[in-house]
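Asker: In case you want the letters, here they are:
Number of protein chains: 2
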Amino acid sequence: MAATSLICRECSSTYPLEAQFVCSRCFGPLEVAYAEHDASDVDSIRRRIQAGPRSIWRYADFLPLGAGSPTGSGEFATEAGLPAGGTPLVRADRLAERLGLREVWVKNDAANPTHSFKDRVVAVAAARAKELGFTTLACASTGNLAGAVAAAGAALGMPTYVFIPADLEEQKILSTGVYGANIVTVRGNYDDVNRLCTEIAGEREDWAFVNVNMRPYYAEGSKTLAYEIAEQLGWTVPDRIVAPIASGSLFTKIGKGFKEWIDLGLLEAAGTPSGLPAMSGAQAAGCNPVAAAFEAGQDVCRPVKPDTIAKSLAIGNPADGPYAIELARTTDGTISQVSDDEIREGIRLLAETTGIFTETAGGVTTATLKQLAEAGAIDPDERVVIVITGEGLKTLDVVRGTFECHEIDPRFEQFERVEGRTEVTV
Amino acid sequence: MAATSLICRECSSTYPLEAQFVCSRCFGPLEVAYAEHDASDVDSIRRRIQAGPRSIWRYADFLPLGAGSPTGSGEFATEAGLPAGGTPLVRADRLAERLGLREVWVKNDAANPTHSFKDRVVAVAAARAKELGFTTLACASTGNLAGAVAAAGAALGMPTYVFIPADLEEQKILSTGVYGANIVTVRGNYDDVNRLCTEIAGEREDWAFVNVNMRPYYAEGSKTLAYEIAEQLGWTVPDRIVAPIASGSLFTKIGKGFKEWIDLGLLEAAGTPSGLPAMSGAQAAGCNPVAAAFEAGQDVCRPVKPDTIAKSLAIGNPADGPYAIELARTTDGTISQVSDDEIREGIRLLAETTGIFTETAGGVTTATLKQLAEAGAIDPDERVVIVITGEGLKTLDVVRGTFECHEIDPRFEQFERVEGRTEVTV
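From first to last, the protein sequence lines stand for chains A and B.
Quick note: the first sequence, position 257, residue 257 per the UniProt record's numbering, numbers continuous.
Quick note: the second sequence, position 155, residue 155 per the UniProt record's numbering, numbers continuous.
Think of the hints as simulated: they come from the structure by calculation, not from any bench.
One or more hints might be untrue.
[Unchecked claim] To spell it out: a stretch of chain B is covered by chain A in this simulated footprint if at least three of its residues, at any positions, have a beta carbon under 8 Å from a beta carbon of chain A; those stretches are:
| # | stretch |
| --- | --- |
| 1 | 173-181 |
| 2 | 191-198 |
| 3 | 346-360 |
| 4 | 385-397 |
[Stated by the list, open to error] DEER-style ranges, computed between Cβ atoms:
| # | chain 1 | residue 1 | chain 2 | residue 2 | range |
| --- | --- | --- | --- | --- | --- |
| 5 | A | Arg302 | B | Asp206 | 53 to 63 Å |
| 6 | A | Arg302 | B | Asp397 | 54 to 64 Å |
| 7 | B | Asp332 | A | Glu268 | 52 to 62 Å |
| 8 | B | Glu103 | A | Ala35 | 32 to 42 Å |
| 9 | A | Ala35 | B | Glu374 | 49 to 59 Å |
| 10 | A | Glu18 | B | Glu103 | 52 to 62 Å |
| 11 | B | Glu374 | A | Gly234 | 47 to 57 Å |
Glycine included, C-beta positions come from ideal geometry on N, C-alpha and C.
Chain A extracted, bound-state conformation (with noise of 0.2 Å):
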């Protein structure tokens, strides 16, 4: 399935491959348009998948890369940068004792190079930044984007511009600033770092900001969880995946993965009507335009002021937010806000029942879940899969203060006065 050209997503008109993410004629998005696989094919297909490394390169036939590359088709990307995907999909049997569910699966992208799914939208941008011939690697970011950015020009040996809120949490800038990065913190909130990266990249020819002129290749990348997921599942697709909305990007794309490995026959459909997974997104009630579209029935979202401890999903005015609506609507899916105080007890909560510490984001797709189940939105039959996007080592600031500690001397007797006292004050 080679990559022929970018199209609108809106007015369908098709441009080469190149750095462009905007329609001249209706200014939609553009995205990447593919030559369609022989569906006699699959076999073979399927076969070249499992026979690939563990990485998002064992999909590179679904990848916009090698167009017009002198490498061909993946080539260069399966050699060099970080090998990000191939994270585990676990199965939460005690997550979902505790929510009466039946099936509940963590799909644990913290296990990225750099700890979150960033990495694999990062590794497409990348590869395909150095197949256009662009000198520096550059993101506007709420923090995971910034430090993916970093190592993946560290990795190439490509230098790096990242431009974040001004407010963002400490373990993000240290964690990007290691590699040796040029940061730029903003005054002002994503959208305004958005905005300013926008003008940047009009202004400097060689830079590929990975989110904005490379957005429509970046966006791929996210494809690649479906398909993990529906391989580690057998080759089957789930009731329902749970996944956060920040832009709105990852949400869409998970579903455009799965639709097309059924259309192609590479999976049977789900049993629902669309014949995808239900997909259920999650936001913070603290910056939730997707989430309150959703629920008033509207078709696009209306900006909000970003207000909460999730940062990592502090994107006010989402640029697929009717994209992601649009699909949690023809899947029968759902759109739901946690506050942040659900927040915190969904990172606790998936942490005492897996073991997998995850970031705020990651709190409010477990809480997300939760609600759902207590809400009986769930089926207790469903195969339930939560998308776990970010590290919690990246957001520690949250879990202080939610347990005790007891502080004695090397003594056995001050152990005993110790023993099965250990409060947790959440």
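With the hints as your guide, set chain B onto chain A.
Answerer: Just chain B, lined up with the frame of chain A:
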């Protein structure tokens, strides 16, 4: 190669496969003994490994599970708990070039579930503890082990007690407490903590201290690092391993892993007199008992009071120190020490050239590689593997102040003023 007994490393007395760690005759340490594999069976062993899961359990034939267990060899282990192992081995050409070497690989064990190699050893110890009927998991830890035990307990549904020095990095305490572990902080150093835990292990019959009474099983988990490296290098043995030394257990078990597979015929011996890779150990100058003894030509280590930023290596009285010295000597290896400043530089060097962000222990390892390369102790044609045992997000404090950010308003002209002016202050 089913486990058959525990055997004393000093006097070869044997014991049943229970929770015992010291020889009651000579007080030597116990390790696991196995029935010999049939060497004519090498091809089927290799095939069984290749068909196994992407975790340490693909090496179940070489791990001490299943003896007397109702579920049979390894069966419990592969289906429960966190997916330890299966971490990337990444070729680091930019790091090699910087150091004037030809071929350097990074085994990135920060990619484990709780981001250190301790998930390997805990997985084995916890699985064996379940088989032996223990109800509580516990440990004495310099930090990473605490998180690994807490997470494993959460995944397996077992309560946990972790004992740590009171001055540990806050990142390691927070990322342990989130799993619901009972945390006891001890006023003293690791050696004090360890003594206290040995006493408690004698008093609490249903507690499995993974690195005290379960130590023989626990230690075997480290062999999987050697197995994975060999498999990832196409079933070959590298010329040199650079790995950190705390207790010396990891270091010596990596040697044991290679030796087992060479003896069995799964691997060809390296082109060194010993047939093993040259084993290069790495310590911090602030906790250097093994390096100091090695340099002085002594066989035993003189305990030290640790004072280093590499807290995860801060064991002043290392149990396996003498065996580490013996291994380094018999393989024409080395044991080095590096200063805290060199550790910080090592973290930056690895991050900037590979995109891998390691904690202080990995800084020790990288700085040791640099020291050896600069001293001409490594033949430029050697194939070298450095073992990165933990994650930079857990020792973030040492990165603070090593780079600058530029804060601006979201306006292009402000960006132009700072562009190209980011200075690294290290």
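Asker: For this structure, which hints from the list above don't hold up?
Answerer: Going through the list in order, the structure violates hints 6 and 10 and respects the others.
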